[in-house]
Structures are given as structure tokens and as C-alpha cells.
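Undergrad: Chain by chain, the residues:
2 protein chains.
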Amino acid sequence: MRYIDEAALDDIALGATILGAGGGGDPYVGTLLAREQIRTHGNASLVELDSLDDDAQLCFVAVMGAPGVLIEKLPRVTEAVSALRALETYLGRPFTHIAPIEAGGVNALVPFSALSAGLPIVDADGMGRAFPSLEHVTPTLHGGAATPLSMADEHGNAMVLTTKTNQWSETLMRAATVASGCCNMIALYPMTGAQAKAWLIPGVITLAEELGRLVRTARAEHRSPADAVVAYRGGRTLFEGKVTAVNRSNTDGWTLGSVDLQGIGDWDGREMTVRFQNENIVAERDGEIVATVPDLIMLMTTDSGQPITAEEVKFGYRLSVLGIPCDHRWRTDAGLALTGPRAFGYDTDFRPVETTA
Amino acid sequence: MRYIDEAALDDIALGATILGAGGGGDPYVGTLLAREQIRTHGNASLVELDSLDDDAQLCFVAVMGAPGVLIEKLPRVTEAVSALRALETYLGRPFTHIAPIEAGGVNALVPFSALSAGLPIVDADGMGRAFPSLEHVTPTLHGGAATPLSMADEHGNAMVLTTKTNQWSETLMRAATVASGCCNMIALYPMTGAQAKAWLIPGVITLAEELGRLVRTARAEHRSPADAVVAYRGGRTLFEGKVTAVNRSNTDGWTLGSVDLQGIGDWDGREMTVRFQNENIVAERDGEIVATVPDLIMLMTTDSGQPITAEEVKFGYRLSVLGIPCDHRWRTDAGLALTGPRAFGYDTDFRPVETTA
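So the sequence lines, in the order shown, correspond to chains A and B.
Just so we're aligned: the first sequence equals residues 0 to 356 in numbering that gives the first Met the number 0.
Just so we're aligned: the second sequence equals residues 0 to 356 in numbering that gives the first Met the number 0.
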């Protein structure tokens, strides 16, 4: 167990946004949510996944909404605690820990926004990156249920849901999220410590903090932040270019669209299109797909290594596009069935980003 | 207290469909739901509203969905009981009675579909007719809360909702209903016997049965069923004509559209348009509004007095259009604010149908 103080939040948010792969929300929003809580309630306790007792009781606490809406409307921390407490009431037992559902500038930090609940945070998540849908988590691969799931919205409404499948949780909660304004707090996937140890991906907060530190150090030393990330996590720089067009809408509770880049430097005369659904889903270079989910496709400013989320990318940005291998759990048949390109409507097979040209 | 047997269902369904004012669902569907339950569990116990003990515990049980979908997909009675039991579990106490939320071919009979729960049915409802939205009930006029509200859908999903306002219950449940296929059972407005006696409109089942009997008798005696309804309930025949056009869609969980009629007989050369949102909302004769919600606008076949719902009306039908006064509670300022024409987006004042030309 270690403590996370206010000073660590910037690195964690920066690194989590890199792991967010275009989604997971804006790091400024996430940092705002967490900073105030640490100032009020003291440093957060972060515990290693392996250290959990088998009978520990935990769940994910997350924001559900379109990232493009969240940058205009800050989620409220009180709803995170409301959702957590509602789920405890439904289950008839208290939680001992909470965990982030995914990496990402907001959702990696949402558990810190619930510090007033007094629970330690588990250094583990259900994605090892960010994904668009709440069923896109490693517990789904093991038959873990998203429900009972509780929701609290900004209007004071609350809901407890039980569904036959995790896909139904996504469908019904997405509809309710759109109807209530795309900015809900949810508590979901209640699980024991034994289940968490079998199901979750360890180390997301520590990894985010380390990635943030690497990028910050590279900036200070005038080295390439993108190279630092690739050297640490594997994968490759897929492209460097200038954004020439962004096509984006907030539709059905998603931030949907694509970004076009024209190459610069070594990539002069070449083109890339990255298509996103909250997160970046596929990268096409000169018309050929060179990276897909579940591998991480990240956009970073070439000079400063600032990760740019799908809702923030703008005409004129000079970006490095990185392809980074996903957690090995996602490259299994079951993992690819859940989060591979076909799950997002792309008629193409997954190829590990290390193996593409 | 009296018993309702299988033989009474046809009259109740017929009369409830007249009171449904274009909505509330198809009487054939409602009768199917109830008949099987009476055959299995015996006759239903129907109790008068005034006879309830103050500490009785009741709620409405209803189908939520677009009537245009319900005629293609029969709601399942097991979900009605599931929703009821889920609400009991949430509240931590059992219900002693259930009540219909509205008149209407399906929803007046949904409580009969829950006979396996073993509860008597209260002869009272929250509308005295049918309305499109779940907040359009007399309890809303008294500050009664729609929630906690439970939902059970055909897929095995379930939800318990608490909302700040009854309008939010409508908004969130409508979204969930559309997402899960427009055919959910809900249990809502938990209330005590004392509250029910103060809030509800008494006698809906008995009134429906009587209206059904009147129409059936008029048919047998070759008298005008429309005249029989008007003689019993007041109001007037607004038009008789042939349907020349129907404009209808199932949109956002509603059956929306309008029906145009050309006059026959005394109404030769004149025109009427009736606009509906599940229920009939306004009737325009020769371009002038002659009836609006909350008064009841009913379409019945001129010869046989068969009430025709908005999802069933077809080109060529010869219909009588009736305007019947609503319950007096809806003609108060609060009642009109909730269910008057402006509440449905029509920029016109309510005028009692007895006073229009």
C-alpha cells in the first residue's frame, strides 16, 4: 500500500490519458475531480491487486457519458459516492475497496473523486486502456456480471439495474445516460477480492504515473516523448503529421468521427485517417489499416507529447500517432471477440501492431 | 368487493378501450393477458377504492411501450409479477393491492395479468382515461411520487428507479423502454390506502364494464353505440366520416401521427383531423379545434361502436368521433397544466368539449 498525494495527480492523469487511446476523458477534468478530494480528505490509499484479501468487496466507479459532453459539463463527485452507496444498499453489504474501470484522463481518477467514502483504491482496472462500452472489461471474459449496477445523475435521479448480459447493461445505461444528459456516475461489477485478482489487469495507476513521468522527463530533456513511450511500452510510431480535417459529432451518447493527417518529416506525402468512437478504433495509413483495437492507437503532440483525446483534436495540430500493444488478455480469441475490430463494425481481422508494416 | 370472471373481460376491455381515447392498447391483447390468468388462478377480486384500509399498500402495474409495437409483441404476464416483486423487495414491504394506472384496452387489464401475485385489484386508476406519459396521473397533482419504480423487460432485465420528479421517471423509463424493445412491465407510484383514496379516480373497471355493456346492447338492438356512450357520459358526437388518410410512425417510444376524415351523412362536405400521441390529443373540424386533451376524443366505428385505437385506424373506416368530458380533476388549473393541450405542444387553450360548437 502506498499513498497518492496531490503532486502525483498530474503524472497519473497525463499517463492515464495516453493509455486512454483517444478516450477516457480529459486529464484536466480528471485532475480537477481528484485534487479537491485529496485536499479535503487527505492522500489516497492505493493498494496492490495481489494484496487484496479474497473476501474483499469492491466495484468499479466510473463516469458514463460522451467525452465531448464531459469537457463542457463537469461530473460531480457527490454522485460517485451516491452511486457507490446505492449499490451497497442494494447488495446489503459495504464495499472495502473501489477500482477504476479503465485508464483515461477522467475514469482513472474517478475513484479518487470518491475519497469521501473512505475506501482505498485498488491499483488495477478492467481494460488496461479505455474502451467505449461498459461490457468491454476483462471481468466479462470471465463471466463476471456488470450488475447489479447503480447510477446517479446530476439531476438527483438514481437507478439500480440488473441485466441478463453485460451488453444489456451497456444498452440500457447508454439510453438512460443520453436521456439524463450524458454525465452519470455509475458503480458496477461488484466483485470479491478473489475475483478481482483473477479478473483485473494490475497496476494501471502506477503505470499511468510512470508514463506521465517519462513524458514529463522527455519534455524537460528535449527528447521525443513519443519515442519514450514506445521504448517503455513497445509498439511503434505509426505516423507523424498535421491534422487537415476533423469530422466529429456527439451522437447516441458517443463522441464519433475521424481525424485526417498529412505527413510531415519522414512521412511527407503520406496520409493517415484515425477513426474513433470515444476511443480511437482504427488507423489507416495511405488507405491501409495499420492498427486496430484492442491495440492502443494514441495521438500525441509531436513536440510536447501531450496526449490528444478524440473530442479535443483540432485542425493544425502536429501529432505523432502511436500504436502500442494492448494487454495480452485482449489478444485471446475471447478478448478479440469482445473488443477486436469486428466488434466495432470493421470488417477486418486484428493484426498485432508490432507486425504491421 | 366483487369477483370478475372471464365472461366480464370482453365488456371491460371494450369499455376500457373507449376510455382509452385512442390509446391504452388493443383490447384483444388486454383480454388475452387477463383471460389466461383468470383460467389459471380463478376469478379476480375487485375492491372499491373507498373500502381500502388507510394502511393498505398498493401500486400501479402497467405496460410501458408504444401501442403500435404491442400489437406485434405481446407483453408477458410474468414480467408484471417480476416488476411488482422487485418493488416490494426495494421497499421492504409487501403490497396488499394493485391498481390499473389508466383506462385502456391493455393497461386496464394488466392488473388482472398479475393474478398469480394473489392480490385484489382496486377499482380505481390514476387517469380516468389513458394518457401518453407516466406522470399524467392524479397522484402527480397531489405531489405523489412515481418512484421508486421498478421495470422488468422481456429480456430478463430489471431496474429500480428513483427520480427527483415524475417527469424524470417518464424521461428515463421512456429511454430504457425504447432501448429494450418497447414492451416493459412497470410497477410504480407505491402508495398507502389513505393516499389512494385521496388521489385516485374511483370506479374505472366498473365504468369500463358498464360502457362495454351499453355498446354491446346498442349493437344488439341496432341502436347507435356512439349515442349510447354520449347519453351515458355526456359530451357529443363531433363528427361522422370516412378515413381518407392516416399518417403514423412509431417514434421515440410513441405511436405518433394523425388521421383525416371526410364527412358523411349530416357531416357531408366537412372535414376532420385528429392528431395523436398514443392517445388522441386534438380534434380539428374544418380547421378549427373542437376538442383537446384532457377531454376524451374517441374514434368508434359508426355501425358497431368498436373503439379504434390510434395504431389501428385505417383508410376507409367509417367512424364516429366523440368528445367526452374528462374527470373534473383534470379541468383544474393544475390538471390542465399537466395534461392540457399546451402540455402536448399545442398553442391553444382548453375549452370543455360541451362548450365548443
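Any given hint might turn out to be false.
[Unchecked claim] Subject to a maximum C-alpha distance of 27 Å in a straight line, what follows is the list of computed DSS-like cross-link-like pairs (lysine-lysine):
| # | chain 1 | residue 1 | chain 2 | residue 2 |
| --- | --- | --- | --- | --- |
| 1 | B | 163 | A | 72 |
| 2 | A | 313 | A | 241 |
| 3 | B | 72 | A | 163 |
| 4 | A | 313 | A | 72 |
| 5 | B | 72 | B | 313 |
Keep in mind that the hints were calculated from the coordinates and are not lab data.
Undergrad: Determine for every hint whether it applies to the structure shown.
TA: So, going through the hints one by one against the coordinates:
Taken as a hint, the residue 163 of chain B and residue 72 of chain A pair is honoured in the structure, with Cα atoms around 20 Å apart against an allowance of 27 Å. Distance check on the hinted pair: residue 313 of chain A and residue 241 of chain A sit about 10 Å apart at the alpha-carbon level, within 27 Å; holds. For the hint pairing residue 72 of chain B with residue 163 of chain A, the CA-to-CA distance comes to about 20 Å; that is within 27 Å, so the pair holds. Proposed proximity of residue 313 of chain A and residue 72 of chain A is supported: the alpha carbons are some 20 Å apart, at most 27 Å.
Distance hint between residue 72 of chain B and residue 313 of chain B is fulfilled; the C-alpha atoms sit about 20 Å from each other, no more than 27 Å.
Every hint from the earlier list agrees with this structure, and none is contradicted.
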